[in-house]
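Asks: Protein chains in written order, with our numbering: chain S, 1 to 191; chain V, 1 to 190.
Don't read these hints as lab results, they were simulated from the structure. Given the structure is predicted, the values throughout are model-derived calculations rather than measurements. Beta carbons: idealized from backbone N, C-alpha and C, even for Gly. Be careful, since some hints might not be right.
What the hints assert, rightly or not - As a list, the in silico DSSO-like pairs of lysine-lysine whose alpha-carbon atoms are at most 30 Å apart:
(1) 122(V) x 65(V)
(2) 51(V) x 63(V)
(3) 180(S) x 51(V)
(4) 86(S) x 51(V)
(5) 83(S) x 144(V)
(6) 122(V) x 180(S)
Claimed, not checked - Computed footprint of chain V on chain S; a stretch qualifies when at least three of its residues, placed anywhere within it, have a C-beta under 8 Å from a C-beta of chain V:
(7) 36-48
(8) 104-115
(9) 118-125
(10) 161-169
(11) 178-185
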Amino acid sequence: MDDDYYSIDSILSENQKIQCTFKVDIPDMGHLDGGHERDIKAQSRVQLPLWLAFILIYSDYADFTIPPPFNSRVRNALNAEAKSVKLSALVGAGGFWYGFGKMIMRLLDDEPANEMSGLLTKSFRNRLVEVIDQAQHFAALGPAGGGGQSGDAALAFREGLEVTERELFLLAQESAKRTKQWYESTDRLRR
Amino acid sequence: MALPISLRDSITPPELELIASEELVEIVPLISMERTAFISGAYGPLRPPNKARIPLWMAINLKMKKKCHIVPPDWLSVADFLQERLTQETTQPEFSQFPFRFTEIAKLLLDTAPDDIPNSDKIRSLLKDIREARQAKSRDGLQKIDHSELSLPNLCSMEINEIRPFFVRAMGVLTQLTRDPVADSRQFGV
Chain S
1 MDDDYYSIDS ILSENQKIQC TFKVDIPDMG HLDGGHERDI KAQSRVQLPL
51 WLAFILIYSD YADFTIPPPF NSRVRNALNA EAKSVKLSAL VGAGGFWYGF
101 GKMIMRLLDD EPANEMSGLL TKSFRNRLVE VIDQAQHFAA LGPAGGGGQS
151 GDAALAFREG LEVTERELFL LAQESAKRTK QWYESTDRLR R
Chain V
1 MALPISLRDS ITPPELELIA SEELVEIVPL ISMERTAFIS GAYGPLRPPN
51 KARIPLWMAI NLKMKKKCHI VPPDWLSVAD FLQERLTQET TQPEFSQFPF
101 RFTEIAKLLL DTAPDDIPNS DKIRSLLKDI REARQAKSRD GLQKIDHSEL
151 SLPNLCSMEI NEIRPFFVRA MGVLTQLTRD PVADSRQFGV
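Model the full assembly from the supplied sequences, consistent with the hints where possible.
Replies: Written as structure tokens, this is what we have:
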């Protein structure tokens, strides 16, 4: 997520493919595409990992299209009800939807980038309260409690959590659990 | 780092309790003692039946040996005060004012010296209600979270400690998601 060169999260965020269209012929590189052609022809469409796409797009060798996790269908769904979108399903298990979004945001020009930033921030904020609520609910259940009692909607929401949100969930759960333990412990027996 | 994630950016409640036990409380000693130097300072002398101000940890230690009575602080001794705060807490949108380490001190005193606190059961349940009311408010604060600032005045140390890990992380994520054209262009040199 962050910009640190050594950040594992950042590296993993780049491990997503986006659809690129080459603008120029690239000679002798056809094998990269897995095809049988010798060259990569202009106008050919290739799925490229983000880390490779960056340099191609900035050097104006290729164009890209907004990847499916951020297409208008997903946007509309997020605008309608952010909590019911399964972000993890969009980027695969262990995927960084927000991190991916941030990478795409960097590739865009001012106006669409601001729009993207708005989408990401808004979705994050709308989902955050639910993430924390559920984390605290689970912390209150104690070690024996598991799912079961909670509703299907809550379960579906938890399954749809993206990696960054999962981390937040864990942080909140852990902290709520520790505080609860402290409130319930008593010193009278110890002394 | 080998330190568990949960311990990296916040301290544990027992540690907060330890810090809070440095606060001074009034006691009525049942033994006499000369002024004695401790690492944190010199306290005493204890001359019954005069009151003395000593740190909480020392008061608790003496109390355990039945060598003093603890005089609870004003905000813990009158049930009316807490009752009023609870009303305030449930009717006003802001957090009401409390001593910064009140949860820790209240718990320590209620655990070790319930016989010195009038209406200790009533106080205990009032504190619990107050805590829940305040928790609901900090949850509301979460909705207003922003990448640059968050203002929740009068939050006390234990509450801050509970919300710190995920508030900090969430604000960090929001900072990343907010677009900063200057930084972006610097990074890629365009």
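Asks: Run every hint past the structure and note whether it holds.
Replies: Against the structure, the hints:
Of the pairs offered as hints, the one joining residue 122(V) and residue 65(V) holds, with about 26 Å between alpha carbons and a cut-off of 30 Å not exceeded. Simply put, residue 51(V) and residue 63(V) have alpha-carbon atoms about 14 Å apart, close enough for the 30 Å limit, and the pair holds. Between residue 180(S) and residue 51(V), the direct Cα distance comes to roughly 35 Å. Violation of the 30 Å bound is thereby established for this hinted pair. For the proposed pair residue 86(S) and residue 51(V), the alpha carbon gap of about 63 Å is over 30 Å, so the pair is violated.
Between residue 83(S) and residue 144(V) the CA atoms are separated by roughly 17 Å; this keeps the pair inside 30 Å, and the hint holds. Restraint check: the Cα-Cα separation between residue 122(V) and residue 180(S) comes to about 20 Å, which is no more than 30 Å; the hinted pair holds. With 0 residues having a Cβ less than 8 Å from any Cβ of chain V, the segment 36-48 of chain S misses the three-residue criterion, and the hint is violated. For the segment 104-115 of chain S, the stated coverage by chain V holds: 5 residues have a C-beta nearer than 8 Å to a C-beta of that chain, and at least 3 were required.
Counting residues of the segment 118-125 of chain S whose beta carbon lies closer than 8 Å to any beta carbon of chain V gives 4, which reaches the threshold of three, so the coverage claim holds. A stretch counts as covered by a chain when three or more of its residues have a beta carbon under 8 Å from one of that chain; for the segment 161-169 of chain S and chain V the count is 3, and the coverage holds. With 5 residues bearing a CB less than 8 Å from a CB of chain V, the segment 178-185 of chain S meets the requirement of three and the coverage assertion stands.
Of the numbered hints listed earlier, those contradicted by the structure are 3, 4 and 7.
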